[in-house]
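Student: Keeping the supplied structure of chain A fixed, place chain B upon it in accordance with the hints.
Protein chains: 2
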Amino acid sequence: MAAAVVGEGDARQLKLLGMWASPFAHRVRVALQLKGLEYEHVEEDMGNKSELLLASNPVHKKVPVLLHGDSPIPESLVILEYLDDAFPGAGRQAILPADPYRRAVARFWAAYVDGKLHGMMLNALLGATEEERAAGTADTLAALDKLEGAFAECSGGKKEFFAGDEPGYLDIVLGGFVGWLRAWDKVGGVKLLDAGRIPRLTAWAARFAELDAAKEVTPDPDRIAEYARVLLARRAAAAAASE
Amino acid sequence: MAAAVVGEGDARQLKLLGMWASPFAHRVRVALQLKGLEYEHVEEDMGNKSELLLASNPVHKKVPVLLHGDSPIPESLVILEYLDDAFPGAGRQAILPADPYRRAVARFWAAYVDGKLHGMMLNALLGATEEERAAGTADTLAALDKLEGAFAECSGGKKEFFAGDEPGYLDIVLGGFVGWLRAWDKVGGVKLLDAGRIPRLTAWAARFAELDAAKEVTPDPDRIAEYARVLLARRAAAAAASE
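Taken in order, these protein sequences are the chains called A and B.
Just so we're aligned, residue 3 is where the first sequence starts under my numbering, counting upward by one.
Just so we're aligned, residue 3 is where the second sequence starts under my numbering, counting upward by one.
FYI, nobody ran anything at the bench for these hints, they're computed from the structure.
Hints are not guaranteed to be accurate.
[Claimed, not checked] Only pairs whose alpha carbons sit at most 30 Å apart, straight line, appear in this in silico DSS-like list of lysine-lysine:
id : chain 1 : residue 1 : chain 2 : residue 2
1  : B       : 51        : A       : 63
2  : A       : 161       : B       : 63
3  : B       : 51        : B       : 63
4  : B       : 63        : A       : 160
5  : A       : 17        : B       : 148
[What the hints assert, rightly or not] The following residues of chain B were derived to be distant from chain A, with all beta-carbon distances above 10 Å:
id : residue
6  : 23
7  : 40
8  : 76
9  : 81
10 : 106
11 : 140
12 : 195
13 : 205
Since the structure is predicted, the reported quantities are computational estimates derived from the model, not experimental observations.
Backbone N, C-alpha and C define an ideal beta-carbon position, used for all residues, glycine too.
Just chain A, with the same shape it has in the complex:
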């Protein structure tokens, strides 16, 4: 995170280091699109990371990184906040709600998605033993039940999105996972978006994927499933090498 600070509201020279299957990169692309901000997308090969990625995010070496001029901003939640802070006038709406308490509720659930749901899904897919993977699946289903409740709480039960009539922060944060959630029957053998179990969240996911801002960047379930097989093969090879 070099020191150069660009002028507020300067939308030139936005570059995103991303990767198509990353829920975290996905959410930033949706946010940039919703804000109406033009940017250059650079697809990273995570098996052969670019010098720019390594220099821009030396701490984590992960996507996404937004470059605003020469200033790198890693971490997707930090980027979402930055887009509202640096481009307050851009797009049809701010990403975050205006009301302080609604902002807090949205940030609470965003932290839940990244701090809990993500790790549970990783365990469900890549857990070392069958027991670990089964526990990961059970945890993921329980987390989605909680998010079903959060949807009712945030939207008042009558709106299209967490944020209301239009998608906002929490929609974008969870929306990054919609590609994986939709593909999970092919990836993990379990239907996560089950209208019988979580009707609101299932309908929300379908609505989110149909947004203009999401349509182009939400990965196809078959492509996700193929990528999951690559991850599983890599894990098996790593486990064999360490034995």
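Tutor: Chain B alone, transformed into the frame defined by chain A:
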């Protein structure tokens, strides 16, 4: 997180559910003090959590929770953002920097403290094996090296605090850990704040602990060490019970 939304800027009826040894509760107390906001502090017994805590934070059942009127706000980083959002005029300064890029840098390192440093310190203290604890200690020292670099980057190397001449967001976030960092030679047998190794961070920690806002709430090293022994005994009992 019930739905009642209180009016912006209404500082009446702030109540904090905290616990003296929690770095996360500690940082909220410092922030409230720096903002000049009066609040009622409720000390939670984490072995016998109050009904109010369980009702206010049903997802995590953890401190801190700030209650603003009847509206509960869990999660310390969410609370810090809320204090700036709900009380923009309070105190001698905002918690977060005004510049969008400086905000992003501070949020990046705050996420690092909570997502990396905290887990490493837990491993160093409570890891199941001696190897795990040694790895936790090595990771913690490496993380503090990174934060030493972050201090130079954020403060320009010439300021008193991460935020500049006065403490701000990242000072408060890492400052919550100062009690534990100072006590670590008694807790984990290793001096973490070593002026020979991380001179800037060591001097910063001493300055932070001397702030009026921090002095009263930064726990004494001996009390932390005593509490760490309780945690270790609990872990040993839990391990024995599960065998």
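Student: If a hint holds in the structure, say so; if it doesn't, say that too.
Tutor: The hints, checked one at a time:
1. Our distance criterion of 30 Å between C-alpha atoms is broken by residue 51 (chain B) and residue 63 (chain A), whose separation comes to about 40 Å.
2. Pair hint residue 161 (chain A) plus residue 63 (chain B) holds up; C-alpha atoms about 28 Å apart against a cutoff of 30 Å.
3. For the hint linking residue 51 (chain B) to residue 63 (chain B), the alpha-carbon distance of about 8 Å falls within 30 Å, and the restraint holds.
4. In summary, the hint linking residue 63 (chain B) to residue 160 (chain A) is supported, as the alpha carbons are separated by about 28 Å, within the 30 Å threshold.
5. Pair hint residue 17 (chain A) plus residue 148 (chain B) holds up; C-alpha atoms about 26 Å apart against a cutoff of 30 Å.
6. Look at residue 23 (chain B): its CB is around 21 Å from the nearest CB on chain A, clear of 10 Å, so calling it non-interface holds up.
7. Against the 10 Å criterion, residue 40 (chain B) stays outside the reach of chain A, whose nearest CB is about 18 Å from its own CB.
8. Not every CB of chain A is more than 10 Å from the CB of residue 76 (chain B) (nearest about 6 Å), against its label as outside the interface.
9. With a least CB separation of 8 Å from chain A, residue 81 (chain B) falls inside the 10 Å interface cut-off, contrary to its annotation.
10. Interface exclusion of residue 106 (chain B) from chain A breaks down, the closest Cβ pair being 5 Å apart, not more than 10 Å.
11. With a closest Cβ-Cβ approach of about 17 Å to chain A, residue 140 (chain B) is found to remain outside the 10 Å limit, as its non-interface label requires.
12. Residue 195 (chain B), annotated as away from the interface, keeps every beta carbon of chain A farther than 10 Å; the closest lies near 21 Å.
13. No beta-carbon of chain A is positioned within 10 Å of the beta-carbon of residue 205 (chain B); the least distance is around 22 Å.
When held up to the earlier numbered hints, the structure conflicts with 1, 8, 9 and 10 and fits the remainder.
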